[in-house]
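Chemist: Listed below are the residues making up each chain.
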Amino acid sequence: MDELRIVVCLKQVPDPEAPVSAYRIDSAAKRVTPIGVPPVLSPFDENALELALRLRERHGGKVTAVSVGSNLSKAVLRKALSAGADELILVEDPAFSPDFLDGYGTVLVLAQTINKLGAPHIILTGRQAADTNAGVVGLFLAEALGIVAVTLARGATIEDGNIRVERVLPDGLEVVIATMPALLTVTQEAGELRNISIKNMRDAKNKPLKHWKAADLGMHVIPDRRLMLEELAAPARERKCLIIEGGSPDEVGKKLALRLRNDNVL
Amino acid sequence: MSECKGVLVVGEKDTVRETLSKATRGVVSVGRRLADGLSEHLSAVFIGDNVKDPAEQSIRCGCDRAYLAEHGSLCEYDPDLYLPVLQKLSEDIKPRVVLAPHTALMQDLFPRLAYRLKTCVVTDCIHVELDDRGAALLMTKPIYGGNALAVYRCSSSPHMATIRTHTGLSAAPAVDNQGEVVRLDVDTDLHFCRMKVTNRIREELNGVKLEEAEVVVSGGRGIGGTDGFEHLRELAMILNGALGASRPPCDLGWVSSLAQVGLTGKMVAPNVYFAVGISGSMQHLTGMYESRCIVAINKDATANIFKFADYGIVGDYRAVLPPFIENMKELLERKV
Numbered sequence: 001m002d003e004l005r006i007v008v009c010l011k012q013v014p015d016p017e018a019p020v021s022a023y024r025i026d027s028a029a030k031r032v033t034p035i036g037v038p039p040v041l042s043p044f045d046e047n048a049l050e051l052a053l054r055l056r057e058r059h060g061g062k063v064t065a066v067s068v069g070s071n072l073s074k075a076v077l078r079k080a081l082s083a084g085a086d087e088l089i090l091v092e093d094p095a096f097s098p099d100f101l102d103g104y105g106t107v108l109v110l111a112q113t114i115n116k117l118g119a120p121h122i123i124l125t126g127r128q129a130a131d132t133n134a135g136v137v138g139l140f141l142a143e144a145l146g147i148v149a150v151t152l153a154r155g156a157t158i159e160d161g162n163i164r165v166e167r168v169l170p171d172g173l174e175v176v177i178a179t180m181p182a183l184l185t186v187t188q189e190a191g192e193l194r195n196i197s198i199k200n201m202r203d204a205k206n207k208p209l210k211h212w213k214a215a216d217l218g219m220h221v222i223p224d225r226r227l228m229l230e231e232l233a234a235p236a237r238e239r240k241c242l243i244i245e246g247g248s249p250d251e252v253g254k255k256l257a258l259r260l261r262n263d264n265v266l
Numbered sequence: 001m002s003e004c005k006g007v008l009v010v011g012e013k014d015t016v017r018e019t020l021s022k023a024t025r026g027v028v029s030v031g032r033r034l035a036d037g038l039s040e041h042l043s044a045v046f047i048g049d050n051v052k053d054p055a056e057q058s059i060r061c062g063c064d065r066a067y068l069a070e071h072g073s074l075c076e077y078d079p080d081l082y083l084p085v086l087q088k089l090s091e092d093i094k095p096r097v098v099l100a101p102h103t104a105l106m107q108d109l110f111p112r113l114a115y116r117l118k119t120c121v122v123t124d125c126i127h128v129e130l131d132d133r134g135a136a137l138l139m140t141k142p143i144y145g146g147n148a149l150a151v152y153r154c155s156s157s158p159h160m161a162t163i164r165t166h167t168g169l170s171a172a173p174a175v176d177n178q179g180e181v182v183r184l185d186v187d188t189d190l191h192f193c194r195m196k197v198t199n200r201i202r203e204e205l206n207g208v209k210l211e212e213a214e215v216v217v218s219g220g221r222g223i224g225g226t227d228g229f230e231h232l233r234e235l236a237m238i239l240n241g242a243l244g245a246s247r248p249p250c251d252l253g254w255v256s257s258l259a260q261v262g263l264t265g266k267m268v269a270p271n272v273y274f275a276v277g278i279s280g281s282m283q284h285l286t287g288m289y290e291s292r293c294i295v296a297i298n299k300d301a302t303a304n305i306f307k308f309a310d311y312g313i314v315g316d317y318r319a320v321l322p323p324f325i326e327n328m329k330e331l332l333e334r335k336v
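Top to bottom, those sequences are chains L and F.
All letters in the first sequence, in the order written, are residues 1 to 266 by my numbering.
All letters in the second sequence, in the order written, are residues 1 to 336 by my numbering.
If you are wondering where the hints come from, they were derived from the structure by calculation, not from laboratory data.
Where hints are given, some of them may not hold.
As the list claims (entries may be wrong) - Far from chain L, some chain F residues (derived; all Cβ distances over 12 Å):
#	residue
1	Gly-37
2	Asn-50
3	Asp-53
4	Val-85
5	Glu-91
6	Arg-116
7	Thr-140
8	Cys-154
9	Asp-187
10	Arg-194
11	Arg-200
12	Arg-334
Unchecked claim - Straight line, CA to CA, 25 Å or less: simulated DSS-like cross-link-like pairs of lysine-lysine:
#	chain 1	residue 1	chain 2	residue 2
13	L	Lys-255	F	Lys-299
14	L	Lys-255	F	Lys-307
15	L	Lys-116	F	Lys-88
16	F	Lys-196	L	Lys-240
17	F	Lys-88	F	Lys-52
18	F	Lys-335	L	Lys-255
19	L	Lys-255	L	Lys-62
20	L	Lys-240	F	Lys-52
21	L	Lys-62	L	Lys-240
We treat Cβ as the ideally placed atom computed from N, Cα and C, and that holds for glycine.
Isolated chain F, as found in the complex (with noise of 0.2 Å):
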């Protein structure tokens, strides 16, 4: 184990900017801070047939060195062909520490990686340590549904984590950091086609994105239906934020899954989140409570969504809501 240095972040771009995905220069500055503790270097690697951009901003943000493996082929995320790659840097370069953010394309990566890398993985850290000897990375995670924090550590290596995306993961600035690009070897004979994605849909997005939106307004089993969460839009908008709901609404078919918040759906932390219906279950709870302030609209007195609210009132949001939204934006319309 002791052969084992530095730090190897796999990457993300963000795909409608064609830069380096916020939530990747967050997991950066995660790595650059073990790097400097371990007094070692930071690498990450990029996969794809344009990354060349996001590796060099990638050293921009504190990395040492950025690896580029390039090719038309991997313009799709493929297991199949991006696998071997992260398979032959790893084993090339051992690491001590791989870190991903927890993104729905590492969910799927990193567990795979890890066990053709004879290793374990913790997904979903909300913090990663180095022990006391600098030895072994301790690895945080919710468990019970957020009911629990269990703190983890891999007796194998190297030891992978992906780290939770939320955007309260501050980004370290860019700063005149200097650093190589090297470029892999991609062999591209590999392919042997298992699986093919021959269709996707996309579903529109009206205004911010729920996890990069700075106000976000969501409803529970509270709200009582579809028409109810049209308040919520209106307010959504007005604060030009993001709606958001707990599961049950979209079980319940009131509003689209994609907007759903919590542990088996987005993390989100605004500036200010609305609870608006909703009686506050720890799987929820775990997708927001870092929010900076929390703001809660129940009829339930004993909900427990009050205990992680800042502001809250007790009543039917149908009779809350629209001259709390009318005082809102006489309140807004003033100070511009």
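Just chain L, same shape as in the assembly (with noise of 0.2 Å):
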């Protein structure tokens, strides 16, 4: 085989471990916009991202970040070139925008830049974004590169030729054999991202990050949505809480024990 060539899909999204107070829900113009929140990788993006560079360590190769939108922090995207991924690819042009682009476009425009960068023998994506949490990409990607994919991934190797990929169940795990090129989505089992030095992050400064448009890639028509969002609310479920009070931790834990008892909640 020739040199193991590795693509990394990644997203940028608000943190999803903002407080919840930091999503403001605007109904009227269907968007959520987060107030203070800074954008990240999505972090099942990253668990891929580990898996590439764990793949590279491995077996050589080089490992190739892309990411499609409008409006991409580069300062975010550039975190995949400190951890050690090495190249980066900015696909990012105004028709890019979530507004134009659903699931199904932006695997068209992903599958257009994979066909530009040369076929590679592995692609990853993480198991759904944390935004939108719909885990279609990867799939609907693998589809249209008509090659094999594997969900829910916590690790891979080469073996003969053919990718092992141990495989998380809800009730345990499975290995799977699966021929090249394939795609996985990677599950947050797969580990965090390594740590990132300062050195790490000069050394990112050095490599190459490529912006392509859609001209670039020579989409002059963006596919139509499929997928129309409708409306947008905040979920209306908080409760009324009794809070248990009382002298003494025994005397707390009794009375709750009561008053579930009382209530017929237990």
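From these two lone chains plus the hints, build me the complex, please.
Modeler: Below, the structure is given as structure tokens:
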């Protein structure tokens, strides 16, 4: 096999760990505006990047990070280079804003990008994005490229020209051997992205960062959306909490037990 | 689009009991509601090596027709084998709506199927309904980790959705419904085997299954370590419940990641949910907020979890839990 080529697809999202109060929901504009929440790499995409770097450590090769969108934050996405990716491609165009592109459109752009890069052996995505929580783009991309897809990967190695994937099940784990090229969607069990040092960040400045636009991909027509957002609302689910109080922990514990019993909860 | 008719449920069987899975039953009742609203048929399809029983049960639960793709080669899920069956069926019967429970298998299968049918899919819906004209399916799902609820509509056909399968989704009781079972031809030459499962490790389950438990006792970062979870285990055992956790204890290795409750873990809706040392991040709340009763114990009076709880104790669980367990035990024994 020639040099291993790995592509990791990254999405920039509002920090999912931000407090609830930071999310302002504008139902009229059908938009969520995070207030004072900086964008981050979608956490599952970080897991995917980590798996890519481990594959390269073991088998050699090159890791290319790709992100598609509009208003991409270079500071956020450059983290991929700092963590160890060899190059970063920002596929950025006003036409690629989420107002125009749904999951299907994003996949068409990603597929064009990957075709332009030259067929990789392995493509990695997060299991789902932390904002839309759809879990569709990875599988759509594999279908668009006509390659095999294994979901919920927590680890992978290459054996005899095939990829061996450890896949998380609801009640355990399974090992899947798949042909390459293959796309894996990566789950949090793969582990967190490695720590980044100041030196890593400095070194990343010398790595290639390319900007491609729709025209560079020969995309002159943006596909129609298949998915329409009809409404956006804040979930109403707060409850009235009865705080059990007492002079000592013993008293409080006892009062809670009695209360749950009397209210027929238990 | 107008030629598309009817609702199709892609069903799963309960592999332990060899019956229609509880989650599928819930989706069949959702499908029945939609089909009645449209005055159209409800069908279900089952793929596997032995799926006649669940197919017949789906008819008793309200399906007008159950399709059966039965073959020895289909005993294990392989998308390369399952997709052609579903693609052909969809192209033949042209359903308006295709639904499935949001299980691990369907999360893997449905996006692939949607792509092949040249449509889209909304995953993990908590509600689906028809619009006023009955033409489009409105699909509601939590986004931004549960901070917002989005309602989507799909401009292509069929409209596809996976439905969240918490226990709160009430399954229609089996009635004396009549319907037909239709066997599908399975092309067994299709196998070109691009992937193969070589090993499977199932984690031993002690006690009640998390998703099916009536009581769930969950711990968060505030539990502090492996030892603390022993208290929670004890409480879960006394109440015949299951042990759960928010994401940090799983990431830190204090408990198995299979115990994770939340957006990327298990979705639960038990009668009683104990959240101990859990601050209440949205991604956790999304996985449990439909519980009938929520009890929160946390040192921090300002913790987000108290906004979502019915009963709360502000205090150290190490001090509060032992007397609570002691008294609860006594009260439960008195009942018998």
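Chemist: Starting from the hint list further up, note which numbers the structure goes against and sort them upward.
Modeler: 6, 7, 8, 10, 11, 12, 15, 16, 19, 20 and 21
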